Amino acid sequence: QKEVEQNSGPLSVPEGAIASLNCTYSDRGSQSFFWYRQYSGKSPELIMSIYSNGDKEDGRFTAQLNKASQYVSLLIRDSQPSDSATYLCAVNEANPWGNSNYQLIWGAGTKLIIKP
Amino acid sequence: EAQVTQNPRYLITVTGKKLTVTCSQNMNHEYMSWYRQDPGLGLRQIYYSMNVEVTDKGDVPEGYKVSRKEKRNFPLILESPSPNQTSLYFCASSSPRTYEQYFGPGTRLTVT
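Protein chains in written order, with my numbering: chain A, 1 to 116; chain B, 1 to 112.
Derived from the structure by calculation, the hints contain no laboratory data. Just so it is clear, the structure is predicted and the values come from calculations on it, not from any experiment. Incorrect hints may have been included.
Below, a list of computed lysine-lysine pairs in the DSSO-like style, where the Cα atoms sit at most 30 Å apart [stated by the list, open to error]:
| id | chain 1 | residue 1 | chain 2 | residue 2 |
| --- | --- | --- | --- | --- |
| 1 | A | K42 | B | K69 |
| 2 | A | K2 | B | K57 |
| 3 | B | K71 | A | K42 |
| 4 | A | K56 | A | K115 |
Looking at chain A on its own, in the form it has when it is part of the complex (with noise of 0.2 Å):
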């Protein structure tokens, strides 16, 4: 059963401090990761996509991977209440062959509360 696990939180983060959410997958063909912002009742927000080891800057957010350790995490630098969301991992299953398809597997998320 390939899997995504995310701490389900709530974390609660002081308005200006940095969010650190975290995500760890099972499946060592995946190639494609995915950070995803949900407001209650809305739909899923991609924010941030990475491809390959290291870190990937977007304004605030910065999305890092290791794939050795199968695992994905997000920053979010300056903190504001807006950011209070929950925050789906996704991360694309790989075919028998070793390749990318488009399936992907959904963590649960996590809720991040920003405190004023």
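On the provided structure of chain A, position chain B as indicated by the hints.
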């Protein structure tokens, strides 16, 4: 504007009354998918489609049907809805190069 649209956004219906939730994307994506989301259960895939006339079951297909007659549309059909299908439904399509999935706004369905 590139987008995935769903209709209706909200629907209250009664047990056994057939309904269809429409999904359309304007990004020329081949892959489309339906999910349901329930409190504490995360996103669960119902059906997906790799291309026109190619559909396959996801994790929770029971009680649902889909069709893919055109690339842009992927309707979800509930032939005989039951209260356990009360949920928030999302349609998504995926970029062929990046595998990024883009979601519609969601349909909140209540079956009484």
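Quiz prompt | Restraint status (C-alpha distance of K42 of chain A to K69 of chain B at most 30 Å) | solution = 28 Å, holds
Quiz item: Taking only the CA atoms, is the gap from K71 of chain B to K42 of chain A under or equal to 30 Å?
Solution: 25 Å, holds
Exercise. For the pair we were handed, K56 of chain A and K115 of chain A, check the Cα-Cα distance against 30 Å.
Key: 26 Å, holds
Quiz item: Do the alpha carbons of K2 of chain A and K57 of chain B lie within 30 Å of each other, as the hint requires?
Solution: 17 Å, holds
Of the numbered hints given earlier, the model fails none.
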